[in-house]
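Chemist: Chains A and B, in that order, are what the protein sequence lines are.
Just add 736 to wherever you are in the first sequence, counting from 1, and you've got the working numbering.
Just add 916 to wherever you are in the second sequence, counting from 1, and you've got the working numbering.
Heads up, some of the hints might be wrong.
Covered stretches of chain B (in silico footprint by chain A; criterion: 3 or more residues with CB under 8 Å from a CB of chain A, positions within the stretch not fixed) [stated by the list, open to error]:
| id | segment |
| --- | --- |
| 1 | 919-930 |
| 2 | 1025-1036 |
Have a look at the derived ranges for each label pair, beta carbon to beta carbon [claimed, not checked]:
| id | chain 1 | residue 1 | chain 2 | residue 2 | range |
| --- | --- | --- | --- | --- | --- |
| 3 | A | ILE1109 | B | ASN944 | 34 to 40 Å |
| 4 | B | MET1064 | A | LYS962 | 55 to 61 Å |
| 5 | B | ARG992 | A | ASN972 | 57 to 63 Å |
| 6 | A | VAL903 | B | GLY1030 | 29 to 35 Å |
| 7 | A | ILE923 | B | ASN944 | 38 to 44 Å |
| 8 | A | LYS1136 | B | GLU948 | 43 to 49 Å |
| 9 | B | ASP979 | A | ASN1002 | 55 to 61 Å |
| 10 | B | GLN953 | A | GLU774 | 44 to 50 Å |
Bear in mind the hints are in silico, worked out from the structure with no lab data behind them.
Because the structure is a prediction, the values reported are computed rather than measured.
Don't be surprised by glycine CBs; every beta carbon is placed ideally from N, CA and C.
The lines below spell out each chain.
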Amino acid sequence: MAKKITIDPITRLEGHGKIEIFLNDAGNVDRAFLQVPELRGFEKFCEGRAVEEMPRITPKICGVCPTAHHMASGKTLDDLYKVDPPPAAKKIRELVNSSFMAEDHTLHFFFLGGPDFIVGPQAPAGERNILGVIQKVGLDTGKKVISIRKRLRDIITKQGGKVIHPVCNLPGGVSKGVTKEDREEYIQTGKDAVEFAKFTLKAFEDIVLKNKEYVDVIVGDIYKHKTYYMGLVDENNKVNFYDGDIRVVDPEGKEFAKFKPSEYLNHIEEHVEPWSYMKFPYLKDVGWKGFVDGKDSGVYRVAPLARLNASDGMATPLAQAEYEKLYDTLGGKPVHSTLAYHWARLVELLYAAERLLELAQDKEILDPNVRNIPTAVPDEGIGVVEAPRGTLIHHYKTDKKGILTDVNLIVATQNNAAAISMSIERAAKLLIKNGDVSDRLLNMVEMAFRAYDPCLACATHSLPGKMPLEIKIRNREGRVIKTLMR
Amino acid sequence: MKTLVLGIGNPILSDDSVGIKIAIEIENRLREKYPEQNPPLGITVKEVSIEGFSILDEIAGYDRLILIDSIKTGKRKPGDVYKLSIENLSFTSHLSSSHGIDLATVIELGEKLGYKIPQIIDIYAIEVEDNTTFAEECTQKVRIKIPMIVDEIIEAIDGM
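Construct all of the structure, not just a fragment, from the sequences and the given hints.
Modeler: What follows is the structure, encoded as structure tokens:
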């Protein structure tokens, strides 16, 4: 039955993400955009199921950020059953979420987005990858990355039950408390994670910030968009990944809106384009004006840089100092440079590590009371958390027996969809001139895309084990003149 | 020889789950066949739904890896099996990645970092029809082939 074959890299897989770039007669960019495959039928898949299944179903949507879905889903069940978890349960959830944010940001910086800077934007394609990063930072650093990531994932495994698809969240709390022994281990992991985050920020400073050429690329016009920014904030308007209100600032950094997660439909609408399966959320009160930036356009951004822009600072001391340094270096708030997402991600890595340590050191986390049993009749619930890639919204409706009748999710990358398309088009327009579509220039176009750490149709795991990205360059007649596979 | 049978896929995305379903069936068959052994023949079977890099955590420490996953080329019939080696997948290892890291890169990275990486790797990739619709079951064309694919892999394991 089995046959040995060699697979052609271009035609190997169907249903991949595509960047399409259209050139005019002069060989300059007329239009560029990103297309992603459609995953169908999630709402139908869920309808008719018991709503308690959602914290176990939704992490399976995405192999990249299952913990964030589990958290958003758990909070939605709290809202749906009108039950407030005990303080220890909230702290355990936030501890798990902080571990996840720290490990995910680590992975992105070193292995996914990092090659653009650690190896260098102009480096040959064959070196701009995870192996090139190891070559540059050294094997010991590589081992350090693997080790801290494993220990952070161990926290998710212990408290979440499973690292890949956590199962700990229940309506009104969590299924398991923290033992004294585990707490000691979490404290040590937290301390080491803080040191690791400091080490990573120092590496960023040495490799990127001390290199004028890199800094010029970061702050340059190619990668800049003046948009609105969105993120969860606590009662002091500090960044919070687990809980709080949704705050939006305008392109000048002034507060535009601040609202409860349950009010999201009053503020966010979705725009549909004929060429994309993905819907494009925008700010209702500003309106959809197309793929343009500025104060009159409802396009907003989420994820690390957006969270920092939308807040008044970080709730932990070391991250706050790094936050101030970022804005001092890049000319004050808000920062519109898309490539600064990489730096903001590291400020958040430090915050996640500090917060993990704070929570592990808090004695209340040992309280065995980790669940309030729900008694209310369910009807509708909304839950929001910050995923590594931005604000994640879950919204469920049920009948009186808790059987799902309606499901709406706005996932993190979707919030950034319009901005990602705009960033690709802007970079393409400014970089590709007179038909020169060299690999080096196309990589710089891709850098606009990678800074967001986008998760495309992240549920598919087909071989070769990554979501391929295809770049097609078309001439005025729409004929493909160059294709690249990433 | 420590052997790992690893089924990869998304359990709720129709044919994307085929690797997981086959791995579960292999485990059941091995347990039936060798009830006195735990694990049977010293073979560990795991099912996972993870992106590239995390696979390293799963495969480290084994001598032999049998990996079962889906593939969609559109060029063969759903349920057809490609038996691949790492070399077949290595064309992507030197490209920058949009998200996730391919298997060949994971293996190369693991070796560089001093992990004990399986020296024998057999990859069974099953051509699928639909991996974009949420469903717990595979499509019929793929589903009916699962028992035969399980037979083939068990035969290969027994012949070790």
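Chemist: Each hint: holds or not?
Modeler: Hints and how they fare:
1. Here the segment 919-930 of chain B counts 6 residues with a CB under 8 Å from a CB of chain A, which clears the bar of 3, and the coverage holds.
2. Under the rule that three or more residues need a Cβ within less than 8 Å of chain A, the assignment of the segment 1025-1036 of chain B holds, with 4 such residues.
3. Look at ILE1109(A) against ASN944(B): about 37 Å separates their beta carbons, and that is inside 34 to 40 Å.
4. In this structure, MET1064(B) and LYS962(A) meet the distance hint of 55 to 61 Å, their C-beta atoms being roughly 59 Å apart.
5. Range check, ARG992(B) to ASN972(A): about 58 Å between beta-carbon atoms, so the 57 to 63 Å window is met.
6. For the pair VAL903(A) and GLY1030(B), the beta carbons lie near 33 Å from each other, so the given range of 29 to 35 Å is met.
7. For the pair ILE923(A) and ASN944(B), the beta carbons lie near 42 Å from each other, so the given range of 38 to 44 Å is met.
8. Taking the beta carbon of each, LYS1136(A) and GLU948(B) are about 45 Å apart, inside 43 to 49 Å as hinted.
9. Between ASP979(B) and ASN1002(A) the Cβ separation comes to about 59 Å, which falls inside the hinted range of 55 to 61 Å.
10. A C-beta distance of roughly 45 Å is found between GLN953(B) and GLU774(A), which places it inside the suggested range of 44 to 50 Å.
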